[in-house]
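Single-letter residue listing:
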Amino acid sequence: MNNPVMTASGTFGSGQEFSEYVDLGRLGAVVTKGVANHPWEGNPTPRVAEVYGGMLNAVGLQNPGIDLFCRRDIPFLSQFDTRIMVNVCGHTEEEYCEVVERLAEEPVDLLEINISCPNVREGGIAFGTDPAAVETITRAVKRYARQPVIMKLSPNVTSIADMARAAEAGGADGISLINTITGMKIDVNKRKFVLANKTGGMSGPAIKPVAVRMVYQAAHAVRIPVVGMGGIMTGEDAAEFMLAGATAVSVGTANFTDPAATVRILSELEDYMRRTGTEDVNELIGAVTE
Amino acid sequence: MRKKEEGTILSQKEIVPGIFDLRLEAPDAAAEASAGQFVNLYLDDPARLLPRPISICGADPTEGALRMVYRVSGPGTGTAELSRMEPGRTLSLMGPLGNGFPLGQAGEGRVFLIGGGIGIPPLLQAAGELLDLRGRSDHTDVILGYRDRNDFLAREFEPFGHVAIATEDGSLGTRGTVLDAIRAENLHADVIFACGPKPMLAAVARYAAEEAIPCWISMEERMACGIGACLACVCRTKETDGHSNVRNRRVCKDGPVFRADEIVF
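Chains as they are written, first to last, in the numbering used here: chain Y, 1 to 290; chain D, 1001 to 1265.
Rather than coming from a laboratory, the hints here were simulated on the basis of the structure. You may find that some hints are simply not true.
Dumping the calculated SDA-like pairs for lysine to any residue here, alpha-carbon to alpha-carbon at most 25 Å [claimed, not checked]:
no., chain 1, residue 1, chain 2, residue 2
1, Y, K192, D, V1264
2, D, K1013, D, R1048
3, Y, K192, D, K1013
A quick note: this is a predicted structure, and the numbers were derived from the prediction, not measured.
Given only the sequences and the hints, what does the whole structure look like? Please build it.
Here it is in structure tokens:
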């Protein structure tokens, strides 16, 4: 990768919409919105709500399906000098494996397996909250994968270290965290749920301390690389995740506040390095001291 | 590359209780804005991350100014904070976003511009552009629906066509809905453009289907990115959409204006 700044799945589409605002070639990787073996319609609206210092979403992994994705989105992204990480979702082990197998022949650099979406009833988080299930799905996906497999973990667990170790035991090449934290918002005047799905995944700077803690714990539990994310708004936030043990970081909700947030964060990270006399960004990985 | 623009507030006033008229110096957006498009306004508050998508009520490319008429949706919703911003303050924005009304479809026919509540402002720009396009105002009927006698912008439509008003409480114009006003005044159209609350749009779409009148409606939905990436603001469509590959279209990017007969209410 050119640099450690990537996009967080679901906040950047497949890059096309953002390419009007960001030179995608400056990003370490574009991580696509989750794609399944067939098109998913997603949840009813409203799908988003703002909360203090963050937001809730319950999009429900609407996606065009792997066929259209391979025909349209991969060729688009291939024009840019960036790595392509495809986020894969499914309802069942077979569905995940079908997508991974389909991607084996595609010019894709990395796979991120979404076992942590809180907004779909089957699949998603159901695989990501039990260590045995994490290990099983990781092992299954690895059988079909040609590209390195990053397992995307849920923060809605008691021990993130157990989940990280389970992914490593299943053969994962890396882990990414955190996905969103399950939340809820109620309109007290209407006495109704704000989201049609009642619950949604919380993201944004309000969850950053939780994410930094979990990245730190996960990074200490495994030897494989960790991709850190959760409320990164600035270059210093990115540095914080790397100090906690992340090898790379993903920028999510910040893309909604400024479509050029990724490249701004990258240049702020470079400023931070200059200011602190850091020559190689990899020096930051896990460099927090007591 | 497109990017956020730093605008400056020229003026802001409350025109009726809870409805604010904001003029913003934003030359880039003003140069491109056409009727039915919107801008994302950013509150520059780390606790409020999401942009507020606000429809454009008018654009003056020569002055580099945009006009937005919006409702304060409640305390602490962001629009309340926006309404307290003074002239001279900078405000970042992005836009224009979305597709806008296809006013060329009006041809020489009789047009209804139907607006309800806070859906009325974008129709003012549409009315002006329609007059510029056709050079006549006698084939345009503007039908505006309000809750009560606190009407806003109604008089500003007068140079652009015949204005009919409906109020829920009957304190102004026809008592009832915009469709009641259309029937009461025996108005007829060949093309309809509408913007307003969902129940009004559903009723207008039904009316247009019954009368076989081509109709375009501007939809509203909770948004996050505003540029078609996050898939928050979708509306249900009858047919599978080419981009999403499901029966959903993005209000911010494919809309906000859609053919009424595409939409499932």
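Quiz item: Does K192/Y pair with V1264/D here, judged by a C-alpha cut-off of 25 Å?
Solution: Measuring from Cα to Cα gives roughly 23 Å; hence the hint holds.
Quiz item: K1013/D and R1048/D: Cα distance at most 25 Å?
Solution: 23 Å, holds
Self-check item: Holds or violated: K192/Y to K1013/D, with C-alpha atoms at most 25 Å apart
Solution: 32 Å, violated
The structure is inconsistent with hint 3 alone, although it conforms to all the rest.
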